[in-house]
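6 protein chains.
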Amino acid sequence: MTVLMSEMTWDEYEKKVKDSVIFLPVGATEQHGYHLPLGVDFYQIEKLSELVAENVNGIVAPTIQYGYKSQPHSGGGQIFPGTTSLSAQTLILLVKDILLEFIRHGATKFAVMDGHYENKMFLAEAIDLVLKEANRDDIKVVKCCFTDMLDEEVVTKLFPNGFPGYDLEHAALIETAMMCHFYPNLVHKEKIISEQADNLPRYEIFPQPEGIVPNSGVLADPIHGTAASGKIIIENLVKNYVEMIETEF
Amino acid sequence: MTVLMSEMTWDEYEKKVKDSVIFLPVGATEQHGYHLPLGVDFYQIEKLSELVAENVNGIVAPTIQYGYKSQPHSGGGQIFPGTTSLSAQTLILLVKDILLEFIRHGATKFAVMDGHYENKMFLAEAIDLVLKEANRDDIKVVKCCFTDMLDEEVVTKLFPNGFPGYDLEHAALIETAMMCHFYPNLVHKEKIISEQADNLPRYEIFPQPEGIVPNSGVLADPIHGTAASGKIIIENLVKNYVEMIETEF
Amino acid sequence: MTVLMSEMTWDEYEKKVKDSVIFLPVGATEQHGYHLPLGVDFYQIEKLSELVAENVNGIVAPTIQYGYKSQPHSGGGQIFPGTTSLSAQTLILLVKDILLEFIRHGATKFAVMDGHYENKMFLAEAIDLVLKEANRDDIKVVKCCFTDMLDEEVVTKLFPNGFPGYDLEHAALIETAMMCHFYPNLVHKEKIISEQADNLPRYEIFPQPEGIVPNSGVLADPIHGTAASGKIIIENLVKNYVEMIETEF
Amino acid sequence: MTVLMSEMTWDEYEKKVKDSVIFLPVGATEQHGYHLPLGVDFYQIEKLSELVAENVNGIVAPTIQYGYKSQPHSGGGQIFPGTTSLSAQTLILLVKDILLEFIRHGATKFAVMDGHYENKMFLAEAIDLVLKEANRDDIKVVKCCFTDMLDEEVVTKLFPNGFPGYDLEHAALIETAMMCHFYPNLVHKEKIISEQADNLPRYEIFPQPEGIVPNSGVLADPIHGTAASGKIIIENLVKNYVEMIETEF
Amino acid sequence: MTVLMSEMTWDEYEKKVKDSVIFLPVGATEQHGYHLPLGVDFYQIEKLSELVAENVNGIVAPTIQYGYKSQPHSGGGQIFPGTTSLSAQTLILLVKDILLEFIRHGATKFAVMDGHYENKMFLAEAIDLVLKEANRDDIKVVKCCFTDMLDEEVVTKLFPNGFPGYDLEHAALIETAMMCHFYPNLVHKEKIISEQADNLPRYEIFPQPEGIVPNSGVLADPIHGTAASGKIIIENLVKNYVEMIETEF
Amino acid sequence: MTVLMSEMTWDEYEKKVKDSVIFLPVGATEQHGYHLPLGVDFYQIEKLSELVAENVNGIVAPTIQYGYKSQPHSGGGQIFPGTTSLSAQTLILLVKDILLEFIRHGATKFAVMDGHYENKMFLAEAIDLVLKEANRDDIKVVKCCFTDMLDEEVVTKLFPNGFPGYDLEHAALIETAMMCHFYPNLVHKEKIISEQADNLPRYEIFPQPEGIVPNSGVLADPIHGTAASGKIIIENLVKNYVEMIETEF
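Residue numbers (the working numbering), protein chains in the order written: chain A, 1 to 249; chain B, 1 to 249; chain C, 1 to 249; chain D, 1 to 249; chain E, 1 to 249; chain F, 1 to 249.
The hints are simulated quantities; they were obtained by calculation from the structure and are not laboratory data. Cβ coordinates follow ideal geometry from the N, Cα and C atoms, glycine included. Just so you know, not all the hints are guaranteed correct.
[To be verified] In the DSBU-like style, the derived pairs of lysine-lysine whose C-alpha atoms are separated by at most 30 Å in a straight line are: (1) C:Lys140 / A:Lys132; (2) C:Lys140 / C:Lys16; (3) D:Lys16 / B:Lys132; (4) A:Lys191 / B:Lys15; (5) D:Lys132 / B:Lys132; (6) D:Lys15 / C:Lys191; (7) E:Lys132 / C:Lys18; (8) F:Lys15 / E:Lys191; (9) A:Lys16 / B:Lys191; (10) C:Lys132 / A:Lys16; (11) B:Lys16 / A:Lys191; (12) E:Lys132 / C:Lys15; (13) B:Lys15 / F:Lys132; (14) F:Lys189 / E:Lys18; (15) E:Lys132 / C:Lys16; (16) B:Lys18 / F:Lys132; (17) E:Lys189 / F:Lys18; (18) B:Lys15 / B:Lys140; (19) B:Lys191 / A:Lys15; (20) E:Lys18 / A:Lys140; (21) D:Lys191 / D:Lys157; (22) E:Lys16 / A:Lys132; (23) C:Lys157 / C:Lys239; (24) C:Lys18 / E:Lys140; (25) F:Lys239 / F:Lys189; (26) C:Lys15 / D:Lys191; (27) D:Lys132 / F:Lys15; (28) A:Lys189 / B:Lys18; (29) E:Lys140 / E:Lys15; (30) F:Lys157 / F:Lys239; (31) C:Lys132 / E:Lys140; (32) A:Lys239 / A:Lys16; (33) B:Lys15 / A:Lys189; (34) A:Lys132 / E:Lys140; (35) F:Lys231 / F:Lys191; (36) C:Lys189 / C:Lys239.
[Stated by the list, open to error] Pairwise CB distance ranges, derived in the manner of DEER restraints: (37) A:Lys18 / E:Arg104: 24 to 32 Å; (38) C:Phe249 / B:Asn199: 15 to 23 Å; (39) F:Thr156 / E:Glu248: 54 to 62 Å; (40) A:Lys239 / F:Asp167: 23 to 31 Å.
Let's have the full structure, built from the sequences with the hints guiding it.
Structure representation (structure tokens):
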């Protein structure tokens, strides 16, 4: 049986909602270089949510496909055409409204699945507002960005020459690998170029100056992103997410 | 080549955005009886947008999958588990933010594709705010709910015994037919029941009293909703949408 | 004794508030052709509220004289000088604040009397927010636009050649008739012209193009709007409103 | 010819709007003792606006009949049933929306006519936001509470035993006098009682404690409020308002 | 031991918070003539809060150093460089958030110490919203502007030739005197000039016209503001504040 | 001459504002263990701003003393008494209002000095909104958290046994060292305890469970935080900040 809420009828959903963990995938529509599509952030987190939910009898809510504004240091910034972002207030209200609806339906267990680094603090605010407004003591929410859930050993193996850090892992090895596994036909392998963001100052500059991120939008080298490594990453993530759900609920 | 923005890379999108009509499908997550899934409103409008965009070289933005609160007279109301809605302010800000981003990318032609009756006025407000904030005279937006686009002759043929009106066409013949065509495996044909909302007063009552809509959530008879009639409906809609785009842009 | 809250002293109001239905008339300041004044929408609903309240021992709160933005398909649109409208957020907050105050005073029974089609969904949102914020189970609100309350038989009699539909009944027969009865000296009979909106597409276009509504702002023929038909309309409306109040409270 | 916008047709309004001063009366719905009705603050400022507009060929917009929350030191506070107030955000947005609409119509000269002391700062904020949003240099707004416009000589004559100050002039001599002149049938002369707020501390206390204002809601003695003194007050106010308009526009 | 919250560790604060009055000083960053610094409004109210808190075992929260927009009649208006103000919504939310946090910590007794006349109504709104949101009956807040707390006898002595009124006491005798006492090194005595605002109309004009306030920004004569009179003022204020706290808590 | 805006008169400020970099320190009021006071985050960033401004002829605006909600992984979370935080919307509006005021004064160069990790994204949003609203191309803003500005060599020297990472550096070595240098009398050396957050899961849990952070609120060992290391840290920071200002402006 499906774990996707959108595929359930209301009475099927009603039977599961009180006991299930509700997964809310939150992605973004954001440039991912010349070789990956704009939907990477929500494609990935939607798929991951589905895989985890299948293991824990969860429900996956319709994915939020727009996220917070891209920052130069983590997503290349708003200067790329196609990067389509929400302002802080909008994203906070959006997530807040949706979670409060699930609570009204009887849900009490939530996993907010973040697929876009810039969403982090706005999701935290939304959840905090939800807890205040719901004013109940039986609601529990876990939340993380998928990059928090990858084991260090796995990263070490994937990057034998050293890991450049999650911030620069934008349209880079990890995302390329995962997309090669999830949606190989959406990856333009011939357009993958070796790239490294070298001009980023340690502080932020507004408005974003030209040239501080590579023209492609890729922040670190995606060359070694393959379906095989994608499979390793995804299996590790799913294992850890499932463990999180089993530990917390 | 794909018309889906989420499947394009940013440079592919950049090449098309200035000349293309951007389609923004706006749906809802809402009960649709025992036989249709919660995602009907966004599944349908997403598919329709795609079919129209293919005919006019458009771009389909990621679908907004949550809409305004269900009203008893048009969607059965908020009392059904699974109906997951946004407040007015959230929906307005969401659509406003997204359209302003496309304008920033260089887009000037928009079709806001409404798949959920209750969204109507909030989309109008969002578009009005966008025009004020953009403060330019080269932006044009068309908008309609798909039910506005069906030819009367088609409706007359589909309902030989008389059309109960669009308000009650919730989880009824038209939506059942379209889903049978688009996603037959998501229709539980065995659970279709003949139903008619008879207890709705002509005024609205808050909070929604029990019993004014059928328990199933179906507001009018879906029995004659078939893939064949779905095909007729969809072809008529696509023809009219394409005509709208060609007339206005 | 007066039913107008504004004419009561606070102690007179205090004696009635707990048992009475509070009527909140919500109108608009909007063009109504060359022959009707800008205040039609609030004049009418204020008078109707008063007549109904007198029959059910109600209290009529001060009228909200500004409403939501005029739409081309129902009020001719915002392009007419004099049409003075509120944004969505403002109208929602305004109605919400006022209703919450009445609840604080001890009122539990409300009739939100809508005199302007475009207000509909924003009033629904305001009431929903009030119920959530008040968080009590003894509050009941009924709401409708006055056009919902006219009996079909009456309409059939008034339009022997067929009724063009409520959307186009703007500054047309019904409103002209009601104003001839309520405020004959505010109707410029010599300026009434036969008019019919023929150029409205079935979809909406933003910004509003010139020429899709008649220059006068009248959307359907007002010629047969007389004080006599106004009297018939008003008596029918009052009867039905009174019935609504007696049924629901 | 009428100065009331609501009585004009849109084309009559259009002819005047560019050259006229637009008067926006802002009142309140607030207790005014046992002898004056809840609508005093908007009745008075509406009438005054009309009288002034007639002298300067102005336009009087529909009155805002709800104002900011009553404060114990100036209006007795929110504890009285019938006092029906807006929150800060609502009042600011309401006035802002309305003024921006008039600017869209072509108006550039405004008089915001305040009939309720507590509105003062929120009107200032609304006007400031309007000027920022309109971003033009041909807009001019004057604003005052009517109590600012009364000549000291007049006050001295009306209060031979000394003036208690405008703060306590709530439901007291001045308002009683003006209402006796404007709406004698709404004044319950037999219920006028001599009263003086003696227990108000110089600081404010939240929530408002019982007993710091007289039970009647009257803050200073209304006994000598007569139609004759009302006439004197009103003539003085109108003269000074007209002078203000002539000086500033 | 310190009364400043910012100097306490969290466990020191925890021990005091339930029984102590929390003082929240709210100032402004605003021009104060050629002789006083921009921080006058928050310097003064911070110092006063400290002196009062020391007498009543209170806690002084970190000072809000930005206040509401300066008005010509009370602070010279926004036209002076350096005057750095918050909009209404921001100030209301800021004070509301902070007070709700203290309530979460267990505090129930509050003194909102206003050092800037223009803050008055926005602080009232913030406190009202806090009480509604906290929805408890053990919270008590007192609030006043320091000018409300000065005894008339003291004022009479300080201004033997008559007091021009608090509105014009901006960068004038009282503030100069207090700053000479509190921060003598921040007073440029040589730049004090005798000044009197004579051109202010009794109504307000937007945008602020040039020349209605003195070029210096001083609204009344500061010449006699000395450390000695500052001491008298401050002692009187502290005495009255302490009395307020002892009376109310 | 002072670099503190609050100590300048308006005409002194006016002379400098167009050419100077405006430093806006943004801190927080947050628990910092048993040995450091609640004001650490704003004390430090205020002092650093002052030192940097002195080197580049800047202006330091009054410090924002309240920041975004403390997160368990970086500040111990909101469960500690004394941690007094702003919601997202409030912090964004606050910073936005203040920066827009400086722009109105003629400033074009800004350094937003972040002293509290949790502020990061909300400051980014505020600055983005400011740039959109100002709509000018001569505004430049740099922004960073002070921890971004410390040289790796310095960190390596200070932590010979390995650096636990900035997230856990809360009330730990770096902050203790800086406070020992800046405000030795506010450091309770006798209460410093060796502590390490070991129970933090890699994901976030709402509401915050008991026991995931040490009871003291210290997240990593502060034992080796001395005035001497504080001096090294501060000198390194000031050097790097000055370099940033000189590079960017």
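For each hint, the structure was consulted:
Among the hinted pairs, Lys140 (chain C) with Lys132 (chain A) is consistent with the structure: their alpha-carbon atoms are about 26 Å apart, no more than 30 Å. Taken as a hint, the Lys140 (chain C) and Lys16 (chain C) pair is honoured in the structure, with Cα atoms around 17 Å apart against an allowance of 30 Å. Restraint check: the Cα-Cα separation between Lys16 (chain D) and Lys132 (chain B) comes to about 25 Å, which is no more than 30 Å; the hinted pair holds. Our distance criterion of 30 Å between C-alpha atoms is met by Lys191 (chain A) and Lys15 (chain B), whose separation comes to about 16 Å.
This hinted pair checks out: Lys132 (chain D) and Lys132 (chain B) have alpha carbons roughly 14 Å apart, not beyond 30 Å. At roughly 16 Å between alpha-carbon atoms, Lys15 (chain D) and Lys191 (chain C) fall within 30 Å of each other, so this suggested pair holds. The hinted pair formed by Lys132 (chain E) and Lys18 (chain C) meets the criterion: a straight-line CA distance of about 22 Å does not exceed 30 Å. Using a Cα cut-off of 30 Å, the hinted pair Lys15 (chain F) and Lys191 (chain E) holds, with the two alpha carbons roughly 16 Å apart.
Taking the CA atoms of Lys16 (chain A) and Lys191 (chain B), the gap is near 19 Å; set against the 30 Å cutoff, the hint holds. For the suggested pair Lys132 (chain C) and Lys16 (chain A), the alpha carbons sit about 25 Å apart, so the restraint of at most 30 Å is met. Between Lys16 (chain B) and Lys191 (chain A), the direct Cα distance comes to roughly 19 Å. Compliance with the 30 Å bound is thereby established for this hinted pair. Pair hint Lys132 (chain E) plus Lys15 (chain C) holds up; C-alpha atoms about 25 Å apart against a cutoff of 30 Å.
At most 30 Å may separate the alpha-carbon atoms for a hinted pair to count; Lys15 (chain B) and Lys132 (chain F) meet this at roughly 25 Å. In summary, the hint linking Lys189 (chain F) to Lys18 (chain E) is supported, as the alpha carbons are separated by about 27 Å, within the 30 Å threshold. Between Lys132 (chain E) and Lys16 (chain C) the alpha-carbon distance is near 25 Å, which keeps this suggested pair within the 30 Å criterion. As the CA atoms of Lys18 (chain B) and Lys132 (chain F) are separated by approximately 22 Å, the hinted pair is consistent with the 30 Å bound.
Between the alpha carbons of Lys189 (chain E) and Lys18 (chain F) the distance comes to roughly 27 Å, so the proposed pair stays at or under 30 Å and holds. Proximity of Lys15 (chain B) to Lys140 (chain B) is assessed by CA-CA distance (about 20 Å); at most 30 Å being required, the pair is judged to hold. Under the criterion of a C-alpha separation no larger than 30 Å, the hint pairing Lys191 (chain B) with Lys15 (chain A) is consistent with the structure, at around 16 Å. With a CA separation close to 29 Å, the supplied pair Lys18 (chain E) and Lys140 (chain A) stays within the 30 Å bound.
Proposed proximity of Lys191 (chain D) and Lys157 (chain D) is supported: the alpha carbons are some 25 Å apart, at most 30 Å. As the CA atoms of Lys16 (chain E) and Lys132 (chain A) are separated by approximately 25 Å, the hinted pair is consistent with the 30 Å bound. Straight-line distance between C-alpha atoms of Lys157 (chain C) and Lys239 (chain C) comes to about 17 Å, which keeps the hinted pair within the 30 Å bound. At most 30 Å may separate the alpha-carbon atoms for a hinted pair to count; Lys18 (chain C) and Lys140 (chain E) meet this at roughly 29 Å.
Annotation: proposed proximity of Lys239 (chain F) to Lys189 (chain F) holds, straight-line Cα distance about 28 Å (limit 30 Å). For the hint pairing Lys15 (chain C) with Lys191 (chain D), the CA-to-CA distance comes to about 16 Å; that is within 30 Å, so the pair holds. Under the criterion of a C-alpha separation no larger than 30 Å, the hint pairing Lys132 (chain D) with Lys15 (chain F) is consistent with the structure, at around 25 Å. Distance check on the hinted pair: Lys189 (chain A) and Lys18 (chain B) sit about 27 Å apart at the alpha-carbon level, within 30 Å; holds.
For the hint linking Lys140 (chain E) to Lys15 (chain E), the alpha-carbon distance of about 20 Å falls within 30 Å, and the restraint holds. Simply put, Lys157 (chain F) and Lys239 (chain F) have alpha-carbon atoms about 17 Å apart, close enough for the 30 Å limit, and the pair holds. Restraint check: the Cα-Cα separation between Lys132 (chain C) and Lys140 (chain E) comes to about 26 Å, which is no more than 30 Å; the hinted pair holds. Using a Cα cut-off of 30 Å, the hinted pair Lys239 (chain A) and Lys16 (chain A) holds, with the two alpha carbons roughly 23 Å apart.
As the CA atoms of Lys15 (chain B) and Lys189 (chain A) are separated by approximately 20 Å, the hinted pair is consistent with the 30 Å bound. Between Lys132 (chain A) and Lys140 (chain E) the alpha-carbon distance is near 22 Å, which keeps this suggested pair within the 30 Å criterion. The hinted pair formed by Lys231 (chain F) and Lys191 (chain F) meets the criterion: a straight-line CA distance of about 21 Å does not exceed 30 Å. Of the pairs offered as hints, the one joining Lys189 (chain C) and Lys239 (chain C) holds, with about 28 Å between alpha carbons and a cut-off of 30 Å not exceeded.
Range check, Lys18 (chain A) to Arg104 (chain E): about 30 Å between beta-carbon atoms, so the 24 to 32 Å window is met. Under the hint 15 to 23 Å, the C-beta atoms of Phe249 (chain C) and Asn199 (chain B), about 18 Å apart, fit the expected range. In this structure the supplied range 54 to 62 Å holds for Thr156 (chain F) paired with Glu248 (chain E), their Cβ-Cβ distance being about 56 Å. Distance hint check: the CB atoms of Lys239 (chain A) and Asp167 (chain F) are about 24 Å apart, consistent with the given range 23 to 31 Å.
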